[in-house]
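Using the sequences plus the hints, can you model the full thing?
Line by line, the protein sequences are chains A and B. Residue numbers for the first sequence follow my numbering, beginning at 1 and rising by one. Residue numbers for the second sequence follow my numbering, beginning at 148 and rising by one.
Treat the hints loosely; a few may be bogus.
So the derived label-pair ranges between C-beta atoms look like this [to be verified]:
no.: 1; chain 1: B; residue 1: P228; chain 2: A; residue 2: A78; range: 25 to 35 Å
no.: 2; chain 1: B; residue 1: G165; chain 2: A; residue 2: A41; range: 32 to 42 Å
no.: 3; chain 1: B; residue 1: I149; chain 2: A; residue 2: V142; range: 46 to 56 Å
no.: 4; chain 1: B; residue 1: Y178; chain 2: A; residue 2: L44; range: 34 to 44 Å
no.: 5; chain 1: B; residue 1: R259; chain 2: A; residue 2: S45; range: 15 to 25 Å
no.: 6; chain 1: A; residue 1: V53; chain 2: B; residue 2: D211; range: 42 to 52 Å
no.: 7; chain 1: B; residue 1: G165; chain 2: A; residue 2: V96; range: 12 to 22 Å
no.: 8; chain 1: A; residue 1: R77; chain 2: B; residue 2: D211; range: 45 to 55 Å
no.: 9; chain 1: A; residue 1: D104; chain 2: B; residue 2: A236; range: 27 to 37 Å
no.: 10; chain 1: A; residue 1: R77; chain 2: B; residue 2: G265; range: 42 to 52 Å
FYI, nobody ran anything at the bench for these hints, they're computed from the structure. Note that CB positions come from ideal geometry on N, CA and C, so glycine has one too.
One letter stands for each residue in the lines below.
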Amino acid sequence: MSRLADPSAAAVPDDARRHGPGRVLIAIYGTFAVAATARAAYQLSTRFSEAPVAYLLSGFAGLVYVLATVALVRVGRAWWTVAVTAVSVELLGVLVVGTLSVLDRQAFPDETVWSGFGRGYGFIPLALPVLGLIWLRTTRPVSRAGN
Amino acid sequence: MIGWLGTALIVGALVVAGLAGVSALRRRGPYLVAVAVAVIVEVMLVVQAVVAVAVAAYGRQTPDEPGLFFSYLVACTAVLPVSVLLARAERTQFGSLVILVGGLVLAVLVVRLQQLWGVAVG
Chain A
1 MSRLADPSAA AVPDDARRHG PGRVLIAIYG TFAVAATARA AYQLSTRFSE APVAYLLSGF
61 AGLVYVLATV ALVRVGRAWW TVAVTAVSVE LLGVLVVGTL SVLDRQAFPD ETVWSGFGRG
121 YGFIPLALPV LGLIWLRTTR PVSRAGN
Chain B
148 MIGWLGTALI VGALVVAGLA GVSALRRRGP YLVAVAVAVI VEVMLVVQAV VAVAVAAYGR
208 QTPDEPGLFF SYLVACTAVL PVSVLLARAE RTQFGSLVIL VGGLVLAVLV VRLQQLWGVA
268 VG
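Spelled out as structure tokens, the structure:
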């Protein structure tokens, strides 16, 4: 299946986000979107009462990953802004939840994706938003005055 | 779970990841052989899935948490096809990296699958 246009020739900044390194990010974000959402859905439906805060947080994390994945795939300035927002929330989430889970283990009786700065997932949840923000900065859509 | 097949799946997934890693280091798109191994692994996965469903259906042995087990099974069979599709339009080292990620994710998923089946597997 060949592309209509050679991506390297067409320097359209609009869809640059999903090519090259962006595609790898999309693959990883997609994995976390499915994993975190499915895990949270399972936790919430089977044992919500055991650790409501942790499981709701799992669900929130899942939604953030879904939104980030969709925004990375979609083309356009508006989606770029959505992507930056989602990835920033993700970074904030992993930092806040990571810190809280280390300081106060009682508050998080069960693991979430972001517990211990994503220790259960090889710290990928900590690295991912940083890489995401760097990539989004590189692919920031130019205003019409740009080249 | 067929014990040896589970092990073969993990090895196969890691071979796919390894081959993709080599092509990524050489700044190339995924080698055809990596995709070929991915197809073989996928066929083995489907066989494993059918056997697991059949064994569970006849009540010979059911996993501890069937819902979770079969969700993982579906996720496992989706990983490589989605990775190959994502990599297809990207004939650069980044296409290789997508396959690399897919292989690693699959290996982890198969390990979880074995744990969920709840047997000591060889």
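Hints numbered earlier in the text: which of these fail when held up against the supplied structure? Of the numbered hints, 6, 7, 9 do not hold.
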